[in-house]
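A.B. asks: Using the sequences and the hints given, assemble the complete structure.
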Amino acid sequence: MSNSSLDPGADRAPLLLDVRSNAEFASSHIDGAVHLPLDQLQQAAPRLLPDTGQPLIVYCASGARSAFACAVLNQMGYRRATNGGGMTLLAMSLERPLRSA
Numbered sequence: 001m002s003n004s005s006l007d008p009g010a011d012r013a014p015l016l017l018d019v020r021s022n023a024e025f026a027s028s029h030i031d032g033a034v035h036l037p038l039d040q041l042q043q044a045a046p047r048l049l050p051d052t053g054q055p056l057i058v059y060c061a062s063g064a065r066s067a068f069a070c071a072v073l074n075q076m077g078y079r080r081a082t083n084g085g086g087m088t089l090l091a092m093s094l095e096r097p098l099r100s101a
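Oh and the sequence shown: position 71 is 71 in the working numbering, straight run, nothing missing.
Simulated from the structure, these hints should not be mistaken for laboratory data. A virtual CB, placed ideally from N, CA and C, is assigned to each residue, including glycine. One or more of the hints may lead you astray.
[Stated by the list, open to error] Derived CB-CB ranges, DEER-like:
| hint | residue 1 | residue 2 | range |
| --- | --- | --- | --- |
| 1 | 46 | 92 | 30 to 38 angstroms |
| 2 | 75 | 97 | 29 to 37 angstroms |
| 3 | 82 | 21 | 18 to 26 angstroms |
C.D. replies: Printed below as a string of structure tokens:
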């Protein structure tokens, strides 16, 4: 039995979640990322991220806010949220371009 048969979300591509401020996101962000500022996370996540099984890679500028966001998301039932750390290193490791809003 494969891991994917045990975990229905195992084969899905992760969603990039940017938890930085509106100004930071407008300045630059990883292409294709969903923006959900940390101060709106608990209120807006159920609406913007209805699938709690969706793999999430959460990032911010340095990794501190994204670590906190992952803890909050896990408490909310998002068990596949992982901390991607800071935006620049994550974009380089994923080979994804940065965009401005």
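A.B. asks: Now, for every hint given, state plainly whether the structure supports it.
C.D. replies: Do the hints match the structure? See the list:
no.: 1; hint: 46 - 92: 30 to 38 angstroms; result: holds, 32 angstroms
no.: 2; hint: 75 - 97: 29 to 37 angstroms; result: holds, 33 angstroms
no.: 3; hint: 82 - 21: 18 to 26 angstroms; result: holds, 21 angstroms
Hint compliance for this structure: every hint is met.
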